[in-house]
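Enquirer: In our numbering, the protein residues as written are 2 to 577.
Hints are computed from structural coordinates only; laboratory data are not their basis. Worth double-checking, as some hints may not be accurate.
What the hints assert, rightly or not - What follows is a set of in silico ranges between Cβ atoms, one per label pair, in the way DEER data are often shown:
(1) Lys231 <-> Ile312: 21 to 27 Å
(2) Ser340 <-> Phe360: 48 to 54 Å
(3) Leu188 <-> Gly334: 53 to 59 Å
(4) Gly269 <-> Thr311: 40 to 46 Å
(5) Gly269 <-> Tyr407: 33 to 39 Å
(6) Thr199 <-> Phe356: 40 to 46 Å
(7) Ala229 <-> Phe360: 56 to 62 Å
(8) Val562 <-> Arg195: 51 to 57 Å
(9) Arg468 <-> Gln336: 21 to 27 Å
Virtual Cβ for every residue (Gly too), placed ideally from N, Cα, C.
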Amino acid sequence: MWTTTSILGFRVTPRWLAALALFFWCLSAFPQTFTDSLYESLNATALRVEYERLCAIENPNPSETLRTLQTGFFFAEAKGFAEAIHEKSAVLEKLEAICTEQLSSKFSFFSETSEKAAAAFTCALIANEQLGRVIQFAQAGYASRIHAYMSIGNEAKGQNVDRLYAEGRLYYRLPSSLGGRVGKSLLAWQFLKRMLPTASSVDFWLGHVHLKRGDEEKARKSFEVALARKDPRALAYFGESHFVRNPDHVDGLSWGLRPALFLSPVAGFGGALRYYDDRLWDSKRRGAFSVLGSTQGSYGVGLFVADNETISQSEISLALDFGVYNHEFYGLGMQTAFSDRSQLKTQQFSGRLSFVRSFWDYVFLEIGWLFEAHNVKSVQGTSFQSATLTDKTQSFGTGPYGRLGYDDRDSRVDPRRGFLAQVEAQFPTRGLGSQRSFERWSAGGEGHLPLGSSHGLHFQLGVQWVRADAPYGWYPRLNGRWVLPGVRRDRFQEKAVSLASAEYRYRLLDSFSLGGFLTAGRVAETPGGLFNFPYHLGAGLALAVHPSDLYSPAVRLEFGVFGRETVFQVTGSASL
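Using the sequences and the hints, build the whole thing.
Expert: So this is what it looks like as structure tokens:
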């Protein structure tokens, strides 16, 4: 039986959502045909010089096929860096046809010309894969071919320029399941740097490898050397500017339709469908649209667009989210009982229009406009009905906000070193459309200290509070703005919260860790009440699967004690 829900006056059924998902699925199958004239001024001559310096082999009479591959690979990579994505695709198709023809001769072509052709074609495939202009479900086929060509290259004897270049790129780009080894990539680039100390592109790729290994200091030095030597790749990547950190967008651009699964203690088991494009109209703009639903009746849609091209070193973005989500209410304060739980189903609509400017590599300033609307649709339990709260069933707030922060973490997805500190203030104002005038403030940060290659210490501090007559929907939660390990998300809430945690992690594998954590937290009716004691204290263990990028699986199992309560919870998400 189909169910019908009213959203802003529209009737939305599961059939409507399915049709919408099918529309975006079909949209992902059509290639974009836009090109960006901004990159036409890229110095292709400089790229050719760098390529020839890096890949030249002393061979006075190379075969015509080899010459074609050399030229084809160069133009494919040059167009890739120039962001002329669709022109580059045609070059790659021609390269593939040439190599396929030669493969019909039982690989004799590769043995006759050393591994030059294999290196050229594998790197061309890497350039194609890293720009993501292939259907997501076909990427496994590309990866398999890359791995096969890598095996061909490994059969060749000697360590010439081409083999080292191919190994450096391959071992860096391939996943570990297909033979990727970041350590071997680093070794190849280091050897190549000794052989060709004047090749500035080696410094550029070394910077990426160091970032992937988590050594940001060495990565920064390599990038700065590449920029100082006017490496065209580095200049194109960093916008002809100083080293600006972007660790989670290291070496690739992608688009497509990506399904995912998630698990939440409150929402239950669910799925999401996300259509995204990191290169809208072949420019420095990106966007995403997502739909989600869960077994506990939560569902929602989201839209995000960002522009990093209009203003240098800045980002203009718009984020919108609408949905019906599950929440819990136990009462206000630290002395509430778990048995007093009320289950809420809340319709939420939120959005932000923001402008972010970076300064001095690590400092950023964000200003913008936000709005949030909360409408409680249903309640199970008596604690919420009996509570005296401001605008507890319906509220709307809108107004300006600002955020100032410092961020030198090596990753925004799974940081292993670095610090984040930020202060944010929001000012919903009655005269600007808000139901009430009030303020919401937050301040805090996190730190990550590596203790060798397999050990690390991670800690965080945070405080958040609302001032004036803020509606209930804007109240902070102890496990909300910051994630406090071992605490159920909606368990403690009030007008002011403060928290602290420290966690030791031992990396069992690159993506798995076993950790132990200590926590402390308190909620109070006023910010001054946060200075009163005692705080609730906690401790526990966690087993986690860490993501390598925004689309990788992330699962966390926690067993802990906080205050007088024992908590066991599983959270996670995984892209399919």
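Enquirer: All hints are to be evaluated individually against the structure, with a verdict given for each.
Expert: So, going through the hints one by one against the coordinates:
Checked against the hint of 21 to 27 Å, the C-beta distance between Lys231 and Ile312 comes to roughly 24 Å, which is consistent with it. For Ser340 paired with Phe360, a C-beta distance near 51 Å keeps the hint of 48 to 54 Å intact. For Leu188 and Gly334, the hinted distance range of 53 to 59 Å is satisfied, since their beta carbons lie about 58 Å from each other. Between Gly269 and Thr311 the CB atoms are about 41 Å apart, so this pair conforms to the stated range of 40 to 46 Å.
For Gly269 and Tyr407, the hinted distance range of 33 to 39 Å is satisfied, since their beta carbons lie about 37 Å from each other. At roughly 41 Å, the beta carbons of Thr199 and Phe356 sit within the given window of 40 to 46 Å. For Ala229 paired with Phe360, a C-beta distance near 21 Å fails the hint of 56 to 62 Å. Roughly 55 Å separates the CB atoms of Val562 and Arg195, a value that falls within the hinted 51 to 57 Å.
A beta carbon spacing of about 24 Å between Arg468 and Gln336 agrees with the range 21 to 27 Å that was offered as a hint.
Going through the hint list in order, the structure does not satisfy hint 7, though it satisfies all others.
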